[in-house]
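A.B. asks: Chain by chain, the residues run as shown.
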Amino acid sequence: MERLEIIAITKRFLSEEFEVDEALIVPENNLHSTLDLDSLDYVDLVVVIEENLGFKPTSDDFKAITTFNEFYDLAEQKLALV
Amino acid sequence: MERRVVITGIGTYSCLGENTNDVLESLRIGRSGIIYDEQRKDFGYRSCLTGFVKEPDLKPFLSRRERLGMHEPAMFAYMSTREALEQAKLDVDFLEKTETGIIFGNDSTAGAVINTIDKVRERKDTTLIGSGDIFQNMNCTVNMNLSTIYKLKGINISLSAACASGSHAIGLGYLMIKQGLQDRVVCGGAQEINLYAMASFDGLGAFSIRQDDPTRASRPFDRDRDGLVPSGGSATVIIESLESALKRNAPILGEIVGYGFSSNGDHISNPNFDGQFRSLNMAIKHAGIDPSEIDYVNAHATSTPVGDTTEAQAIHAVLGGKVPVSSTKGMTGHECWMAGASEIAYSLLMMNNDFVAPNINFQNPDEDSKKINIIPEYKEHKIDCFLSNSFGFGGTNSSIIIKKFKK
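As you go down the protein sequences, you meet chains A and B in turn.
Count the first sequence with the numbering used here and you get residues 1 to 82, in order.
Count the second sequence with the numbering used here and you get residues 83 to 489, in order.
Simulated from the structure, these hints should not be mistaken for lab results.
Just so we're clear, the structure is a prediction, and the values are computed from it rather than from any experiment.
There's no promise every hint is true.
[Unchecked claim] Some but not every residue of chain B turned toward chain A, in silico, with C-beta under 10 Å:
no., residue
1, Lys-141
2, Ser-145
3, Arg-147
4, Leu-150
5, Arg-205
6, Leu-210
7, Ile-211
8, Gly-212
9, Ser-213
10, Gly-214
[Said to hold, decoys possible] Straight line, CA to CA, 20 Å or less: simulated SDA-like cross-link-like pairs of lysine to any residue:
no., chain 1, residue 1, chain 2, residue 2
11, B, Lys-141, A, Phe-18
12, B, Lys-464, B, Ile-371
13, B, Lys-171, B, Phe-487
14, A, Lys-56, B, Leu-210
Just so you know, even glycine gets a beta-carbon here, dropped at the ideal spot from N, CA and C.
Pulled out of the complex, with its shape left as it was, chain B reads as follows:
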């Protein structure tokens, strides 16, 4: 028997704030988290713009052994997960005695790997690396660390799907619970933000070079956009069967009703209308809703010329031109592996507080963005159902539909 799947906790550690209260405020006022990072200039970056999150001090919370295997992705993920579990009323004692899974999106550990290799180059002896590096270096670093710290006993896998990693993580967790294989899963996405993480991406020339005005550089759907701004942090979304949530008297923030996905099978970096169109349609079909029921679309739109154009076309083709659309990446930049999870967290905050966050820096539409209803400023708006898109390199697409919970 298929089960209903609800969200019982969210946590965010992002350039919009280190907790959901601060993030909510940023979303309301349209505050950008983008800075100019001087050290990127000396390192050879074409663009020095980035979202900024500081490295958290975990010493008050975790033992030395627990911290040793953590670099940025795991550190950020610990912070967002700590907040999400608290909201969901879940603690280690309960988690240890029950079966809770973890599916976390992450697609790089560049900073940790380079630090390790630098040690070996200097010392010429692998036995002088130390015991923690391997657990920082592996792509499943978030899963290894969090499943150990929180004594998780269920499914335990990391998900790498480029900039759709966080979204697919939630989608797969949703399917597992729906099918009765898990009662609850800690889902999310993490993104490192250090100097090494984005150098090769910067080398593609895909980043905005509007460096004299960092907070206006990321401008999804705007006619004068010139590229994305990299960003990072972590977001956690606790998903759970309705029965489990009700039994625990947990808060219910929303219900996942549809998950669509597709692969372009085309160019390695260029987006593709057909792939996005199929992902959106699959989510709607899976949700069993009419497209007109969707009250808000949180777009993937990263502020690249071709990506935003393709998504505007796909949204228009599937949902028409009336539904309110915004890309929070105008404020956050592109949170990459984390984005699919963070944007669901941001959209849940909007849905539960009756507003649409602004697509900041949208000043002039282009031929395609003028056909959809982009919201450039804060708008009070009742949302009963939203759709969140995430698309990634390699042509991986994910669309998730979430409704306000009704018994």
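Excised from the complex, chain A in its bound form:
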């Protein structure tokens, strides 16, 4: 999956699941605060990532990323290994 496709898919499913304006999901924004994630939301984040991108991030993965751009990097790495 190409990076642009990852970005397009991610913007769609995150805005749907977390009811956030797609315009806020830009590479430099903070993923955690933009999506207003609490501890339970990470459970749902794993579910929608697995459903839409086909990999399961770990809690350490989430700790290591801050921005959406870093999430796209993570997705590229994970999908390359699939």
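Assemble chain B onto chain A, guided by the hints.
C.D. replies: Showing chain B alone in chain A's frame:
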């Protein structure tokens, strides 16, 4: 010091209407909420009859996080509670700063549990269930969701007592306020209505199979009744100490004066005259009234042959044959865990609008129902005091007496 306990708000989300105005109209004209549900036939139900309520769209009212833990019981309960709190002039700001409890009746979450288990069977990974399911799956789902949404700070317990759940919830809330332990309690009952909720009950052969005529299938006390019709939704009754209600200038819809209860200690599903007799008598004794003061009885009668017979005998033994009696289940079907709360809401609507709702489909009495005064059609009637019965599997019985409020 014992305190007086009054009702300051009611809300209904039922097959008779999605708010109390619509329900009031249905009660007046004797409108049935029963339908034939085709998908039950394919699923293997013996009877496809059910009361119908649609799933509410909560997106305009609640955030994603607030909605995630809700399946039918909590969704329905949110709708009825929203209406009841509005009538009682209670909002989140006030609730958060004061001590208000919640005791809600609910006795199943079958639809939610099966949806969750289906996900695990498919994905073989519990971490892919999602965060909301656990809060949908637990029997206290209504309490967890509503206490969080409305920032309730008082007693917070769910009550499971089969088809008497809603009634006992109100009874226990009443006792807490009477004893001075709470100022106000959000009480009620919720009942899921999905395909999975009633399959095992249907399997007992207890449901009416008069499927060619759904609105005539539920016929409490009628000689030709052949079983109950399942139904659902939610009803909320806000109860409060008189002092609190007066201080807030809240509307007062009625005063709870008596609560009776008993357990049959007998068969798991069959009703029992002695248990019902004791519940009725306890409520009257507790209320400190003469039985002749009761102007209306909202019967539990579900349209099953043995259940209605037993209740007719108990009503006759305790109250005689003159007091007007109707079972609103002719219109609603059996709202099960919700019924004890909804029937108090329906009876309050009758009391405050001077009528008795009809026991529809009562055409011919049997040997026992002919001894009591069943009202088959709308009747203008002044009600100053009514009694509502609720009886459940396992032999749990509840009777509540409510009077028109007088200072």
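A.B. asks: Among all the numbered hints in the text so far, which are the ones the structure does not match?
C.D. replies: When the structure is compared with the hints, none of them turns out to be violated.
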